[in-house]
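Start from the sequences and build out the full structure, keeping to the hints where you can.
Residue numbers (the UniProt record's numbering), protein chains in the order written: chain A, 1 to 472; chain B, 1 to 180; chain C, 1 to 547.
Just to be clear, a hint being listed does not mean it is correct.
Unchecked claim - Here are the simulated EDC-like cross-link-like pairs (lysine to aspartate or glutamate), alpha carbons at most 16 Å apart as the crow flies: (1) K433/C / E45/C; (2) K387/C / D152/B; (3) K321/A / E262/C; (4) K387/C / E103/B.
Said to hold, decoys possible - If you want a taste of the chain A side facing chain B, the calculated C-beta under 8 Å gives, among others: (5) G316; (6) S339; (7) C340; (8) Y343; (9) Y353.
By construction, these hints were calculated from the structure, which means they are not laboratory data. No residue lacks a Cβ here, since even glycine has one placed at the ideal position from N, Cα and C.
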Amino acid sequence: MRRVIMMTGAGALLLSLQAMAATSTPAGDDAAVMARGAYLATASDCTACHTAPGGKPMAGGLAIASPVGDIIASNITPSTSDGIGDYSEQDFARALRKGVRADGANLYPAMPYTAYAHLSDDDIHALYVYFMKGVTPVNEPTGTTNLPFPMNLRFSMKFWNLLFLKDGVITPDPQHSETWNRGRYLVEGPAHCSTCHTPRGILMQEKGDQWLAGAQVGPWYAPNITPDVTSGIGSWSRQDLVTYLKTGRIDRAQAAGSMAEAIEHSFQHLTDDDLKAMATYLGTLPAIRTGDDGSSAEEDNRFERGSPGSDLSFRGTSYAKGLKGDSEGAQLYAAHCASCHNYDGQGTADGYYPSLYHNAALGGDTASNLLAAILYGVDRETQNGHFFMPPFGDQPNAVTSLDNEQIAALANYLLERYGNPDVSVSSQDVQSIRDGGPASNILMLARVGMAAGGIVLVVVLIAVILHRRRRR
Amino acid sequence: MSLSVNNAFSARGVSRRRVLRNTLALAGSFCLASPHLAWAAPEIDGALNERFMRLSGLLVNHQLDEEVGRKMAIHAARHFKQLETLIDELLATAEGRKARRVEAFFDDVPEGPARELAYWIIAAWYSGSSDSSPEATLFTYERALTYQTTLDMTPIPSFGLSAPNGWQIASAPLDALPDF
Amino acid sequence: MSHPSSAEVVIVGTGVVGAVMAEQLLDAGISVLMLEAGPRVSRGEVVETFRNLPLGIKGNASSSYPPRPWAPHPMPRTGNPDEDYLQLSGPDEYAQTYIRYAGGSTWHWAGTCWRLTPEDMRLNSLYGVGRDWVFDYDTLDPYYNMAEYALGICGPSDPDLQWPRRARSRPYPMPHLPFSPGEEKFTRVVSEALGYTNLPVAQARNSGTPYDGRPACCANNNCVPVCPIGAKYDAATALARLESKGAVILSNAVVHRIETGENNRIQAVHYLDPQKTSHRVTGKHFVIACNGIETPKLLLMSADERNPTGIANRSDQVGRNMMDHPQIGLTLTLEEPYWLGRGPVVNSGIMETSQGDFRSEHAGAYFRMNNFARNRYVTFDALRTGKVGQALDEEIRRRTACTVNLVAAHEILPDANNRLTLSDRKDWLGLPKPHIHYDVGDYTRRSARDYSMPIARRIASAMGAVEVKEPKGFAQSKHLMGGTIMGNDPSDSVVDSWCRSHDHDNLFLPGGGAMPSTACGNSTLTMVALAFRAAEALVNQARGASA
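Set out below in structure tokens:
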């Protein structure tokens, strides 16, 4: 499956873990700077987008699905013919912070430069040194990005940037501890958590008032990670979050999709201190209550819903009979899921196969992650082991392919018994996740706007003015 | 493949044997043998079901599933004549001893239809089946108690036991029965 | 519905051999149509059929695969020849089990993947018995490697634990699986008391890692009758992938006639659908891979004017030399718990006892302790004791922990009198049922009497058996071999060294039927290696023909 992200999703750089603390390294000590840059780049997950599966490191080529079409990740090796070998450090900094290529063309915000704008000068320098000297040049071109009109007009990004690109390196807040400040730098800057976890507005910009409150990312839902006890991760301890980032799982939540990749490529390699710093900072953010049920009790959150048990009324008849009537979902569960997740949804005793009750994928306000896990499986390899759930979509190697109606019946049974019984899905919902997630209407909006006689730039200009006014 | 899986016990051979001493022979003699009953809706009188479960709880001192018990009760009602009388007889014996566990009253159950019913109920809960024949009715697989006696060591076949290659543990002692 | 009627290569059978052949052909750009007699079902359906079986029949692998009327396969025998599919005669019963479902009988194999040894392929030269293979082990070795990577075989990396005991040309793709507590103990006991090495079984099961998009084994202990998660390779796991590569797979299509034409080349096959309508399918090349009983049956059924004794049967060897691994399974009751049932159902075995100069006198044997969780075998016996309450719990627990099934699997020699013919009795479609006359033979009987059972008793005693149940006679291993035997001489063999019919140069008959010797280890890996060889020949032939 292609990696799927929001328009500005997926990332190149993540962060600069020890980097900040290590700024005492003598500037002339190239080896140390390069090591720091390498650590930064590894930790930053540049590879997530810029290394295609089975491809050469940082040589690009991966097609990143966005709501408006595939964006081809560029070659960022120091090749002078096909990569960034001719970039000066200023060019490099401008690309990371402003989303502008050396030739002056705008990058699409699939490159999360709005987050990298926060990178410190020292970190930019370390990364530059690493990319120029530590990465093997690959003299191979990638494919080109061909988005549909009007998204093929790269200059339109200038207006987008005017609206949504904020300036500046984060300055430490003396009111808070060094750990907190370090965490803030990582979360807002290199780790670009908000790229996925913050919902987008009509022009695909991150909504400031919903920062980290959860967003759809292709077929997956990046959940609310604010400290709200009901909607967010306020029920987690700091150690829970560190464990999750290190291993991809705690009892109640397991990483899949692009979060599994972020953990695989990046978070698991960070120092415990940096993970603790991120957890510390996230724990102090404003809690945002989301979802339609404002009256939820504190313990009624997506990690606590459901209980063990099963409907086995069809046992002793036949699969065909079990599929009929009310027991369809339960029968599908028994036949296709229970062999790993067990007959009462309890998983295996060692927790390798998680229980389905008290599980974030089923207890939340959206069934996206449940449907995506069924359709795409889970594949997460960390120092903690290789966690693999086979996909039940239409992959050639799928052990079993389930159709939309079956998955809807199955998911509704699971939500009712083990998850959030207020959520239900239709076969159309399953098809939407099968297609890679709900489509964006930005393309339609832009075209409709033009057909109406204006062009998207006008819309954007008006938006700029409104936006500016509101900020005053 | 290839496996001679069942040398100890040929299912077909056993079906001809008598299960639980004479249970099946006796059960057969009580069998109503009315073919049309096979089409009857799976219903059972609530009070009878309640007494069947109460008796089950006295005969089998473990957690028992209501849905599974209901299937057994329906089957028993079809195959044991005077089921209600026998249940009452067994309940009376148990209650006469103020028994809470099967050991406290089972020796007092006289040989005969009541004792055969008691054995049948016990066998049904442990095997999940109405008898040992290939044609038996299955009441439950997942909740058959035989698997619970060894669940610390062996899986219920077809259900996963552990993480990949994570099943190596030391032998458990025989006398450490799981709580179920 | 429209019926596909032609392809460059037509493959009859969708089991492991047909599936492996198909993938090689498709990867070479050759179009493939596969015809399957039985239905195509989901894994979940089979799993649920198993769970719905009463406890008393759960040990019977076929019961999870009820046959369709048009594609009957052997079920637990009733003794009534009108009801039973296989018609049997002779001193021993060739009462095999296989299924006619898309994906074939690997659905319910254990996944054991022993290779032959160099000696196993030279019985006649070395011991003066049986037949030699027409090529040597080194010729087969690269195809074994292909088979092991295609199926995803896990096996030991320690050379002392590998079989055969010679340097491997390529490591196993995955490490071997861990032992259950009982297997650990067994390994210790047979080593200390008898000096034997209990080897980790090389098996088609994902060990500790996903492979080919299939998950790793998580010890469901249900390889037979079905791996519920696809951690074990079975050919059903390959079918969707074959289709994604362009294969057309037609199920419920019972091929009943092979049609010859000019130069005695095969030009079509005919199949019946469930409405008993016949359809003709043409192709340039044909592969018959329906297993060791259905393949010879189909060849004999297709007799025509050019081939009055059946297709590919000028030698009169089609259906002869029917072989298996006759086995004897002992049930032991032990003093100490062994606790079988953690991990796959077969996970270790003693192979060294299959080799030796004694093979001039009698068969060798392979010993294994099955690793099935024992509850299903002991529950009714425990209930029959009349115990109740805690005493009953303890009785079931003790019997589950302290009983084991110890199996000796023997080799057998090819014998032209062990023969499959067409019965007068007909199946639902009116096609003849197979009749097999079978005698295990003195070579194998002597082994049981003088060699394997004495060893088995010593093993039992070393394990601390307080009770040993020995069955009378042999059971079947369901490893169908010999019916389309391989050789260089067209007058006494059916296929050449590429599994190509001597009589029809565009007809391939790969699989167990071609094997001239059985050795003691399970036959599937060798069948798949032969399929890779046959595919190589067929690809070359198809390219040559089209060039």
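How the hints compare with the structure:
In summary, the hint linking K433/C to E45/C is not supported, as the alpha carbons are separated by about 28 Å, beyond the 16 Å threshold. For the hint linking K387/C to D152/B, the alpha-carbon distance of about 22 Å lies beyond 16 Å, and the restraint is violated. Straight-line distance between C-alpha atoms of K321/A and E262/C comes to about 51 Å, which puts the hinted pair past the 16 Å bound. A C-alpha spacing of about 10 Å is found between K387/C and E103/B, which places the hinted pair at or below 16 Å, so the restraint holds.
Hint status for G316/A: holds, given a least beta-carbon distance of 4 Å to chain B, under 8 Å. Look at S339/A: its Cβ gets to within about 6 Å of chain B, closer than 8 Å, so that hint holds up. Checking C340/A against chain B: minimum C-beta separation of about 5 Å stays under 8 Å; hint holds. Interface hint at Y343/A: satisfied, since its Cβ lies 4 Å from the closest Cβ of chain B, which is below the 8 Å cut-off.
The interface hint given for Y353/A is met, as the beta carbon of that residue sits about 6 Å from the closest beta carbon of chain B, less than 8 Å.
The structure is inconsistent with the numbered hints 1, 2, 3, although it conforms to all the rest.
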